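A.B. asks: Assemble the whole structure, with the sequences as input and the hints as a guide.
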Amino acid sequence: MSLAVKISDELADHARIRSKIFKRSVSDQIEYWAKIGKTAEENPDLPMNFITDILIGKEQIKSGMGVPYKFGE
Numbered sequence: 012m013s014l015a016v017k018i019s020d021e022l023a024d025h026a027r028i029r030s031k032i033f034k035r036s037v038s039d040q041i042e043y044w045a046k047i048g049k050t051a052e053e054n055p056d057l058p059m060n061f062i063t064d065i066l067i068g069k070e071q072i073k074s075g076m077g078v079p080y081k082f083g084e
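Just so you know, we're using my numbering here: the sequence shown kicks off at 12 and counts up by one.
The hints are simulated quantities; they were obtained by calculation from the structure and are not laboratory data. Bear in mind the structure is a predicted one, so any value in this text is a computation, not a measurement. A couple of the hints might just be wrong.
Stated by the list, open to error - Calculated cross-link-like contacts (lysine-lysine; reagent style BS3-like; alpha-carbon spacing at most 27 Å): (1) LYS81 with LYS31; (2) LYS46 with LYS17; (3) LYS31 with LYS46; (4) LYS69 with LYS49; (5) LYS81 with LYS34.
C.D. replies: Written out as C-alpha cells, the structure reads:
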C-alpha cells in the first residue's frame with residue numbers, strides 16, 4: 012500500500028543525497044531510515060551499528076546470501 016506523506020524540503024534533500032550514495036530511490040532511502048528508527052525505538056538498548064548490522068543481515072538472508080552462524084567454531 013502506498014501513502015503520500017508530506018516531508019520537509021530539508022529531509023528530502025538529505026534523502027536525495029544519501030539515495031545517490033547508496034543507489035536507492037529517495038523513497039527507499041526514507042523507508043530505510045524509518046526502519047532504523049523503528050528498530051531503535053523498539054530496542055533502545057542496542058547500539059546503532061548493531062541495528063544496522065541486523066538490517067543488513069536480514070536483507071542478506073532474503074537475497075539468499077545469508078550464512079548460518081555456527082556456534083563453537
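A.B. asks: Give a verdict on every hint.
C.D. replies: Results for each hint:
For the suggested pair LYS81 and LYS31, the alpha carbons sit about 36 Å apart, so the restraint of at most 27 Å is broken. For the given pair, LYS46 sits about 18 Å from LYS17 by alpha-carbon distance, which is consistent with the 27 Å threshold. Note on LYS31 and LYS46: the hinted pairing holds, with a Cα-Cα distance of about 19 Å set against a maximum of 27 Å. For the proposed pair LYS69 and LYS49, the alpha carbon gap of about 15 Å is at most 27 Å, so the pair holds.
With a CA separation close to 32 Å, the supplied pair LYS81 and LYS34 exceeds the 27 Å bound.
The structure fails hints 1, 5 (numbered hints given earlier, in ascending order).
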